[in-house]
Amino acid sequence: MYKKAKKPQKKNLKRHGPPTDQPVRIKLPREGETFGLVEQRLGASRVKARCLDGHNRICRIPGRLKKHLWVREGNFVIIKPWEFGGDEKGDIIYKYNPTQVVFLKKKGYLKKIEDLDEF
Numbered sequence: 606m607y608k609k610a611k612k613p614q615k616k617n618l619k620r621h622g623p624p625t626d627q628p629v630r631i632k633l634p635r636e637g638e639t640f641g642l643v644e645q646r647l648g649a650s651r652v653k654a655r656c657l658d659g660h661n662r663i664c665r666i667p668g669r670l671k672k673h674l675w676v677r678e679g680n681f682v683i684i685k686p687w688e689f690g691g692d693e694k695g696d697i698i699y700k701y702n703p704t705q706v707v708f709l710k711k712k713g714y715l716k717k718i719e720d721l722d723e724f
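Residue numbers (the working numbering): 606 to 724.
Please note that a few of the clues may not be correct.
Stated by the list, open to error - Dumping the calculated DSS-like pairs for lysine-lysine here, alpha-carbon to alpha-carbon at most 27 Å: (1) K632 with K712; (2) K632 with K716; (3) K712 with K700; (4) K716 with K694; (5) K671 with K632; (6) K716 with K653; (7) K716 with K700.
Said to hold, decoys possible - What follows is a list of derived Cβ distance ranges for each label pair: (8) E636 with K609: 54 to 62 Å; (9) K671 with K609: 34 to 42 Å; (10) K609 with P703: 37 to 45 Å; (11) V629 with D692: 31 to 39 Å; (12) Q645 with K609: 46 to 54 Å.
Hints are computed from structural coordinates only; laboratory data are not their basis.
A virtual CB, placed ideally from N, CA and C, is assigned to each residue, including glycine.
Use the sequences and the hints to build the structure in full.
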């Protein structure tokens, strides 16, 4: 008995994302947000991050992003400091992939990153 030929499934097409020949917009920090570099994972959806504004913050991944945003050490993220205790704590809003980081460095948004890598 022969097996039927399988059709490509829609969920597999969704995983690969948009075609690479289309221009993609990169999200930049808005007012009150800053770039950050993840230094350490602390558990319970919390990470320690070094921000470009000079502060080290303990940041949390909000519940709506927990399963969709896998943050590892060395990732670049957008951090929104809290209104209360903003110099010490914040929320992670967005994570950049490696190609986006290269683009941001090339455009000059991450000029201070060389200073952060020395520590």
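>> Of all the hints numbered above, which does this structure not satisfy? Sort the numbers upward.
In response: Hints that this structure does not satisfy do not exist here, as all of them hold.
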